[in-house]
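**Q** Residue-level listing of the chains:
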Amino acid sequence: MADLVGPIVSLDDPLPTKLRLLRERAEEGGRDERLVRWAAEHPEIAVGADWHARAWWGAAAGEVVRAHLYDQRRREEALDLLTAADVDALDEARRRGGVIVAAAHLGPPKFLMNWLLGRRLPLLVWTNTRDLPDWLGGDAAFADPLDTADRGVLLVKSALHLRGGGVLLGAADQPTGDRTVVFERLGMRWRFSLGLPALARTLGAPVVTALALWQGDRVRIVCGVLASPAAGLTEEGWHRAWLEAYWRSIEPVLRNEPENLRFLRWVVDRVVPPRDDGRR
Amino acid sequence: MEREPLARVVLEVVRAQAPVSTAVVDEDSPLGPGGLGIDSIGCLELVLELERRTGIALRDESLTAETFATPRNLIDHLARATRG
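Note that the protein sequences, when read in sequence, are chains A and B. Its first residue numbered 1, the first sequence is counted upward by one per residue in the numbering used here. Its first residue numbered 1, the second sequence is counted upward by one per residue in the numbering used here.
Since the hints were derived computationally from the structure, they do not count as laboratory data. No residue lacks a Cβ here, since even glycine has one placed at the ideal position from N, Cα and C. Careful, some of the hints might be misleading.
Chain A is nowhere near these chain B residues, computed Cβ spacing over 10 Å in every case [said to hold, decoys possible]:
1) Arg3
2) Val9
3) Ser21
4) Asp28
A partial selection of chain B residues facing chain A, derived with a Cβ cut-off under 10 Å [as the list claims (entries may be wrong)]:
5) Met1
6) Glu2
7) Ser29
8) Leu31
9) Gly32
10) Pro33
11) Ile41
12) Gly42
13) Cys43
14) Glu45
15) Gly55
16) Ile56
17) Thr64
18) Thr67
19) Phe68
Construct the complete structure from the given sequences, taking the supplied hints into account.
**A** Structure representation (structure tokens):
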């Protein structure tokens, strides 16, 4: 992505200018194979040059915003893109103690995390810690779910954090974990880790879904309550019901907002394998 | 709680939680995927059950992957937590 964005924007341009320049050049942007495949599977979505341009712009603009968020001098400029934050569900849930904030790999990367860091919450963030600047965070703690050796510790520490009234931010569409489940939806196979649902189930912790999404050249944050599945389900049934509820919070974005798809990194494959008829 | 009854509870809970059944589960049995097959979610369930059974609340400052390597490490961790 940096290769595509680099020639278009100058490092010194103000962020709104960078986003506008990317918009002007979006139709020349590349077509990611996963999005081409996604578009082919969904004839109900009016996929044309405009759809691909929006998808490319969202991903390119997201990388520019990520660079700003990770630059101490330019971070505020990125956070100024926020146009609205509907976080009543989070504030309400916090009155009852620890809360799981179930995010997704949609919209501009790291925006939600940075915005929550600014709210001075007792925050534990599951994120890729390898590219995290050391000045970021303040009182917040970070843990890396990709660190396979420490996943047990990660879950136990997260449980203790929630029990102590903290907020845990993690992406529930994370495809890697010790236990995963594959869903078939929208003609594709999607893999989800069971880490967050397991925490919600074992602790009975309230869950709020939260997404930071592009809205034009600005960003909106939307939260919603994830209703806890009915008691009496088997463990597997409970986890599936939880993920079904989570899915309902992200599906409208997947269907209608190509600029927020961020290249669908957790898609496993199509449900129907590609036809091997020698015409590739 | 003394170490001996604590060890008894830990081994009992580990046996109940382990997806891999073996004839012998002792204090040095590896808990992870190469041993008794307790994964990260199993770890979480194990800890919550141990807290429920022993009344000992774990604190997160001293938890490491090593804590969950064997029942012995867990017992020692819980024993330290009771002292302090």
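**Q** In ascending order, which of the hints set out earlier in this document are inconsistent with the structure?
**A** Of the numbered hints given earlier, those the structure breaks are 5, 6, 7, 15 and 16, listed in rising order.
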